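Colleague: Residues per chain are reported as follows:
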Amino acid sequence: MSPLTLCLLVPALPALAALLIGLVPALRRRGDLAAGVSITAAALSLGAALWLLLDPAPPFQAVARWLPLAGGTLAELGVRLDGTNAPMLVVVGLVALAVQIYSVGYLSDEPPASRGRYFTWQSLFLLAMQGFVLSPNLLQLFVFYELIGLCSYLLIGFWHERPSAGRAAVKAFWVTKFGDVGFLIGIIVAWSWFGTFDLQQLDAAVRAGPLPDLAWILPALIFCGVASKSAQVPLHVWLPDAMEGPTPVSALLHAATMVAAGVFLLVRTSFLFEISPAVQTVVMYVGAGTALFAAIQGVAQHDIKRVLAYSTCSQLGLMVAALGAGAVLSGYFHLLTHAFFKALLFLAAGSAIHAIHTNDLRAMGGLGRTMRWTALLFGLGALALAGIPPLSGFFSKELLLASLSDHPIALALALATTLLTPYYMGRAFLLAFAGTPRSDGARHAHESGWSMLAPMLALAVPAAAAGFLLPSFARSLGVEGGFHFDALGAAAVGLALLGLAAAWFLHGPRRAGNADALPAGFLALVRSSAIDNFYELLWRRVLLVFSRLIGWIDRYVVDGMINVVGAATLALGGGLRRLQTGLARDYVLALFLGLVALAAWGVWGA
Amino acid sequence: MSDVQACLLLAAAMFSIGVYGVLTRRNAVGILLAVELMANAVNINLVAFGRLHGGPTGQIFALFAIALTVAEVALGLALVLLLARTQRTADVDEARQLRG
Amino acid sequence: MSGLEVLGVSLLAGVILLGALGTVISRDLVRSVLWLALTLVATAGVYLKLLAGFLAGAQVLLYAGGVITLAIFAVMLSQRVEGAGVRHESRGLVVGALAALAVGVVLVVGILASPLAAAAAVPAPSVTDLAASFLGEFLLPFEVLSVLLVAVMVAAITIARRTDP
Chain A
3 MSPLTLCLLV PALPALAALL IGLVPALRRR GDLAAGVSIT AAALSLGAAL
53 WLLLDPAPPF QAVARWLPLA GGTLAELGVR LDGTNAPMLV VVGLVALAVQ
103 IYSVGYLSDE PPASRGRYFT WQSLFLLAMQ GFVLSPNLLQ LFVFYELIGL
153 CSYLLIGFWH ERPSAGRAAV KAFWVTKFGD VGFLIGIIVA WSWFGTFDLQ
203 QLDAAVRAGP LPDLAWILPA LIFCGVASKS AQVPLHVWLP DAMEGPTPVS
253 ALLHAATMVA AGVFLLVRTS FLFEISPAVQ TVVMYVGAGT ALFAAIQGVA
303 QHDIKRVLAY STCSQLGLMV AALGAGAVLS GYFHLLTHAF FKALLFLAAG
353 SAIHAIHTND LRAMGGLGRT MRWTALLFGL GALALAGIPP LSGFFSKELL
403 LASLSDHPIA LALALATTLL TPYYMGRAFL LAFAGTPRSD GARHAHESGW
453 SMLAPMLALA VPAAAAGFLL PSFARSLGVE GGFHFDALGA AAVGLALLGL
503 AAAWFLHGPR RAGNADALPA GFLALVRSSA IDNFYELLWR RVLLVFSRLI
553 GWIDRYVVDG MINVVGAATL ALGGGLRRLQ TGLARDYVLA LFLGLVALAA
603 WGVWGA
Chain B
84 MSDVQACLLL AAAMFSIGVY GVLTRRNAVG ILLAVELMAN AVNINLVAFG
134 RLHGGPTGQI FALFAIALTV AEVALGLALV LLLARTQRTA DVDEARQLRG
Chain C
1117 MSGLEVLGVS LLAGVILLGA LGTVISRDLV RSVLWLALTL VATAGVYLKL
1167 LAGFLAGAQV LLYAGGVITL AIFAVMLSQR VEGAGVRHES RGLVVGALAA
1217 LAVGVVLVVG ILASPLAAAA AVPAPSVTDL AASFLGEFLL PFEVLSVLLV
1267 AVMVAAITIA RRTDP
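Protein chains in written order, with our numbering: chain A, 3 to 608; chain B, 84 to 183; chain C, 1117 to 1281.
Each statement offered as a hint is correct.
Footprint (simulated), chain B over chain C, 3 or more residues, beta carbon under 8 Å: (1) 1140–1148; (2) 1156–1163; (3) 1176–1186.
Among chain B residues calculated to face chain C with C-beta under 10 Å, some are: (4) V87; (5) Q88; (6) A89; (7) A96; (8) L106; (9) T107; (10) N110; (11) V112; (12) E155.
Restraint ranges, calculated between C-beta atoms of paired labels, are given here: (13) C:G1130 to B:T169: 38 to 44 Å; (14) C:V1270 to A:G596: 32 to 38 Å; (15) C:L1164 to A:R579: 51 to 57 Å; (16) C:V1266 to B:T169: 22 to 28 Å.
I should point out that these hints are in silico values taken from the structure, not numbers from a laboratory.
Remember, predicted model here, so these are calculated numbers, not experimental data.
Glycine included, C-beta positions come from ideal geometry on N, C-alpha and C.
Same shape as in the complex, but just chain A (with noise of 0.2 Å):
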């Protein structure tokens, strides 16, 4: 089989998967037969995948034509491979095969036609992502970019009975869309200074040179979709918020996939951000910025899955410092074992969840007695996270730090997260498996079916060994993957290993699982949510009167004119009638006056 047709494949087998379940009623309606098509596909999917990984053709791209232009074309379909995306097809693939057969279990107690419609969205979300990751041009990855932003909405709001599920979904519409409008912005001014969409002919054009003058535009609004996309402060906030969705959802969109998609928009367009020091700067100073405010949050937080969404959102900020550095080796490879532990966590912390109906850490305690693998599990990610060796998370993180070697201040915050990650994902497993049940729920937790933990064994064993695959993974991009260890190596794990010490100490057994030991006052400013109400400001005052402002103009000026000329017409109507006086008399009166006329007209005027 051809590279092409296996390209393609990757994409289409979710397509057609999510247009057979989404157009035949008779199926959606039969959850587990929707879940069977959705779930074949993606494995068959996957399975192209690898085999483009495994069997490695030289890189090509293929497209058509979309949109002509005058004597020329204007967007481009199609597909492009090469060694940069194929390792993100199969991660991407994987997690999402391993969500999906983990969804038949967590899902088990919805109503089959709701099993339908979320088997639809995820085909659909796959194949946005797939198509995301193999686009070749600018108009192409916009267009994925939105689709996945459209999946997102849709899952988030999955229980779309619950109204807070709803505003978190149409939040995050909301907060991505708004970063997304700098990014369309950069495509055109794309366009407009170098005629084309496609990634190829932009990287020549821009080594070519000469560069436009104001050119460090166009990389700062391709950082406006990255931010929005990949949570970064200050478009941050819709991420916690979409945890509303169900744990599956969280563990493929919003940990491994989703917000990696931003990242990798970045790594792809990695040769705009060379243009301009400043930016890299700049983007180098959100992304570490991000990391160790997402870590001190996530410090605070009651709910086990806004510990992990903002311990994503401070893993993303470390890739988006690294590649803010230029290192697109490291910040990549970050991207692909944070995909693996983080989905792991998500997962086992779904699985803790769905068998004590609820996310709150204070109502657990002592499952891991109860929930054996899940604990273990659980424990194996955050280790991972933490960045313990020879776990995945351990290379990635060295590789990350030693890339911002050169950059005192971006390291220093780097370094703080380092230690604050451990010690938050620390604190939440000893709340969670640790010490005596807090709740009846948590007394009476029995461990998941094999449905659930076979996926989390099967992420789990990239999520340790993934690190071993850095030489390669470094061969397949083309760059110098040099894993050294060296003193802020040995600095990362002494930090780690404090941070778990740290966790131990203020929320191990004899502190009898208390989850708020640190100081009250540092839980509060950090709990304060003035980044929210500085949106719901900017929302009310600014947004909506604006928007009032033009519904006004909309219906008197717009409105107006029409109305106008009818209310004139109608006016004109009105006067004119007044000839119309329905007396005989007015009439012979005309008649006898264009008589006169006619006579005059043949008298003097013929």
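Once you have looked at the hints, place chains B and C on chain A.
Modeller: This is chains B and C only, laid out in the frame that chain A set:
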């Protein structure tokens, strides 16, 4: 001025008076009478021109006109009767149902 | 024209115009009709002056005899005998007068402006000539006229009959 011209001027004056009558009278029969005046003025015209050119054509037309005018008056008076019966008065100003 | 002729013609014209004015101004409808009768008879006189004897006779017969009678009947039957002119609406009077004046002026100007020769030298047509024309050149209109008159009769009866039970 010649004979013919005098008659034409007379007819014109009679016609104008008839117009005044049509435009001012409120009673339907009154309007018909004014129309009669106008018709007769036309007749005078016809005969005068016939006298001018010679031949019977002028008078023939005048005879036709008389016959037609008589018929028209008969019909008109029938309508007046109907109008008077329907709206209880022969005042044409009452009949303004076509008012726009 | 001789002096007597001029006098006669002027008298006739005066009567006609007086009668016409009386028709349109009189408030009593019956008097209006009678004024019209006078006008029509005077018109017959004009026809005589124009050497159209048969026409003058027909005029008196049909108009003064038939139409006036008809009008009197109609007036009586319509039950309201005021026949008022436009008493209250001066607007109607002024406008009507102006319009009539306009019509008159146009006609008079037209007449005076055109060159008109005197009467033709040929003798006036006799009744025989008229009859020959009716049954010769104008036969078709003559026959159609009779059909028309029948139709008008039927129509008048249909329109004016009482339909209430």
